[in-house]
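2 protein chains.
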Amino acid sequence: MTSSVSVVELQDIRDAAQRIAGAAHRTPVLRSRTLDALVGARVYLKAENLQRVGAFKFRGAYNAIARLTPDQLARGIAAYSSGNHAQAVALAAREVGSTAVIVMPADTPAAKLDAVAGYGAEIITYDRYTENREQIGQALAAERGLALIPPYEHPDVIAGQGTAALELLEDAGDLDALVVPVGGGGLIAGSATAAKGLQPHITVIGVEPAAGDDTRRSLAAGERVTIPVPRTIADGQAAPTPGELTFSVNRRLVDDIVLVTDDEIRDALRFAVDRLKTVLEPSGASGLAALLAGKLSPVPARIGVILSGGNVGAARLASLLAA
Amino acid sequence: MTSSVSVVELQDIRDAAQRIAGAAHRTPVLRSRTLDALVGARVYLKAENLQRVGAFKFRGAYNAIARLTPDQLARGIAAYSSGNHAQAVALAAREVGSTAVIVMPADTPAAKLDAVAGYGAEIITYDRYTENREQIGQALAAERGLALIPPYEHPDVIAGQGTAALELLEDAGDLDALVVPVGGGGLIAGSATAAKGLQPHITVIGVEPAAGDDTRRSLAAGERVTIPVPRTIADGQAAPTPGELTFSVNRRLVDDIVLVTDDEIRDALRFAVDRLKTVLEPSGASGLAALLAGKLSPVPARIGVILSGGNVGAARLASLLAA
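If you read the sequences in order, they're chains A and B.
Here my numbering is used: the first residue of the first sequence is 1, the next is one more, and so on.
Here my numbering is used: the first residue of the second sequence is 1, the next is one more, and so on.
If we strip away everything but chain A, and leave its shape as in the complex, we get (with noise of 0.2 Å):
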């Protein structure tokens, strides 16, 4: 039997975006006639791109941290991540007058080294084929007295993350479904709580590579499964499998996954080039590949979709375009 208390309930989600409002953008609903007459539905993208640090993660680090003691604030704050929970961390601590300590693969590319470090961030590098990133983290928190803030494993992280569909609800109105990009699984564990809240009857559909299936298969399972580690150019998405706590929301909660392949997910970045104007990163489009690639069957009349992030830089871009 599923527990009987939620790790994390609408109120919550309610509570966080207090936390977050005049920190975190409220990121607009974008729409267009040409997505909606493909699509034959009316589409609400929700543009987690333009977000802070241009990604959704700025919403749960934000919360996270806030929610620290002033003694916890004064000692630091550390995080392990690769990517975008990086930045937002690093931001964040700095904007609420901490400071962070992020974890990071030696070989990270430069650009993404410097955006955390230019938040004033230190930053710590480890060998990823060699060394575990959570041991690395746990250990520096625990010597430093550092507060720790995961990517997703965290109930105030996915609170955070589920600010994204409380806005998009609230905005667009009744939505017969939600399309939510599935990576570790904090966003759709938070979006799906805060849709759920709000519209119980909505249908919350998660999108992962084809190649990075592990929550479709943990769903089907029952449990979690784990699964070799997911080769996609969805670098977001490449998680061998579910958290422990996500999962454990997400079983609950999510109704469906769909999958989506490389190539599907460049043909959406092209069409957000090309008709919406706006820049997305590979995991940050897979909700709007599944739309275009037909995925949804029957079609939803009315559909929301986050648009994850759009860290994905002008010379990565170009190849994906050119591929």
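Hints are computed from structural coordinates only; laboratory data are not their basis.
Here a beta-carbon is modelled for each residue, glycine too, at the ideal position from N, C-alpha and C.
Restraint ranges, calculated between C-beta atoms of paired labels, are given here:
id, chain 1, residue 1, chain 2, residue 2, range
1, B, Ala220, A, Ala37, 43 to 51 Å
2, A, Gln72, B, Arg31, 25 to 33 Å
3, A, Gln72, B, Asp263, 45 to 53 Å
4, B, Ala221, A, Gly97, 54 to 62 Å
5, A, Arg302, B, Ala221, 54 to 62 Å
6, B, Glu131, A, Asp107, 51 to 59 Å
Got chain A sorted already, so can you dock chain B onto it with the hints?
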């Protein structure tokens, strides 16, 4: 002496704003902390790449078409353009229940022909190396009794384009300078009329590609000069000579013209992708390029910039970003 009767007054632009409301988008004003820090100013970016048909041109086309008589609308509309004006007239004609015939070069990329045809317009092609599009357009209009909507040499078109600046100044408040790309001169003529009408002390700065500085030369000479057809990636700004009507406005109201190279425009396209997560066409990025390349000196404290369009296409964007 300049004429005592203006081609376009602030009230014409206010009237145009009423006329296009509901048909055109009120586009957002983008802000970037990174851009502010790089430029050393507060910068307000008017995102006309998010306008309908992907460029400011819809404003002028719709305003001019909305002023036609029922008889004129019943007979139909003609225009000549290889670019954004073609799509703008095609869509505006459809929106008011009229029909459009667009004269386009035979070697126009298929995507642009398809877009115009997709709005229900008839397309007539010509050989741009041997034939004159204005003559073809005028003959066609005379023969079929169509109303010809020129790309910039028309007071209603100029007034419509000015609504972009009107909205920007309403949203951003007092500005010290307004930076506007210059092609045929319609956007800056309308924008300068709106800006100086609302805020008489504002400085209006035009931006041309270094290879296509016909308006800068014309302002310096005090009369319209013609240069060889410019070779630049900024295809929307490749006019060899200013319009007669637009120049009569711009010689009165434009304070300065600055020039940007194709490489500086490419840098601005990259910045837009990396930091703004937004897609610009080269002409649409020239104002941003001027700021990033330090062409404004001394730097005004509060600067408005019109990002005039985003119709670049994924394949061309990829090659521009990679170059």
